[in-house]
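Colleague: Listed below, chain by chain, are the residues.
2 protein chains.
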Amino acid sequence: MPAKDFYHDTVKVALVKDGWTITDDPLTIAVGGRDLFVDFGAEKLLIAQRRNQKIAVEVKSFLSPSPVSDLELALGQYLVYEDLMRGSYPDYLLYLAVPQATYITFFQEELVQIVIDSRKPKLLIFDEKQEIVTRWQPPIQ
Amino acid sequence: MPAKDFYHDTVKVALVKDGWTITDDPLTIAVGGRDLFVDFGAEKLLIAQRRNQKIAVEVKSFLSPSPVSDLELALGQYLVYEDLMRGSYPDYLLYLAVPQATYITFFQEELVQIVIDSRKPKLLIFDEKQEIVTRWQPPIQ
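Heads up: the protein sequence lines correspond to chains A and B, in order.
Quick note: the first sequence uses my numbering, first residue 1153, plus one each step.
Quick note: the second sequence uses my numbering, first residue 1153, plus one each step.
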């Protein structure tokens, strides 16, 4: 199992505050003899819709010296997980958790905007100090 | 500029043997104040079509202990480069160079096949001992 991301526990706290129940830590994807691990599986009862919303969340802290490399790795992981979850977790939405400090700086750059517009990863933005979710992109409900 | 991949020079030799002229080593993509570097730009005169075919090639050696992590990083880099090259190099085809030893083993696994079918990176397979290109997927001409 890979090392936990720096903000793993921060995102866990933020999800619980946001009303989610953590069901898997990590969520295991088994494909053809290999296991991959997404940081979390979580669910929440949406009363208006009378159903359980299920999500998987991969956390990326963007703390390396090269945010572009962090973006490339995060995107590659996200898209691989998305492809592989279609088989084993078809009812889950996959979100990439990104710290607010990265979202309001690096993620506003032209380079990132081009990639996000093109590949459309779902984003969960969290305030790393207050340990709360500040934005779901697209909205979760 | 990032460290060169282990098989950088091997792929360069293989491309030249295959009739390509290396025009850029590396090929620089400049976007909004940041520079990204693809291993090579190359071109070849296709006589039948009376035009120059232009390619960019990113080399991935798949020598880390985790081939799944190598795949995630390679895919992330490839898709970011592909998005960003639309602006500055619209007439280039981007290929991911993968060693034959990886292609005939790991790349035949279900996990990789699902991802390749979904994201469709163009692949250049090279024999790392003979230093030759053994496969273009899709074919280049």
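Heads up, some of the hints might be wrong.
Each computed PhoX-like pair below joins lysine-lysine, with the alpha-carbon atoms no more than 25 Å apart [what the hints assert, rightly or not]:
1) B/Lys1196 - B/Lys1206
2) B/Lys1196 - A/Lys1272
3) B/Lys1272 - A/Lys1274
4) B/Lys1272 - A/Lys1272
Quick caveat, the hints were computed from the structure, so don't treat them as lab data.
Since the model is a prediction, treat every value here as computed from it, not as a measurement.
Colleague: Decide, hint by hint, whether the structure agrees.
Modeller: Results of checking the hints against the structure:
1. B/Lys1196 - B/Lys1206: Cα-Cα ~7 Å, so holds.
2. B/Lys1196 - A/Lys1272: Violated: B/Lys1196 and A/Lys1272 sit about 34 Å apart, past 25 Å.
3. B/Lys1272 - A/Lys1274: 21 Å, holds
4. B/Lys1272 - A/Lys1272: Holds, at roughly 17 Å.
The structure is inconsistent with hint 2 alone, although it conforms to all the rest.
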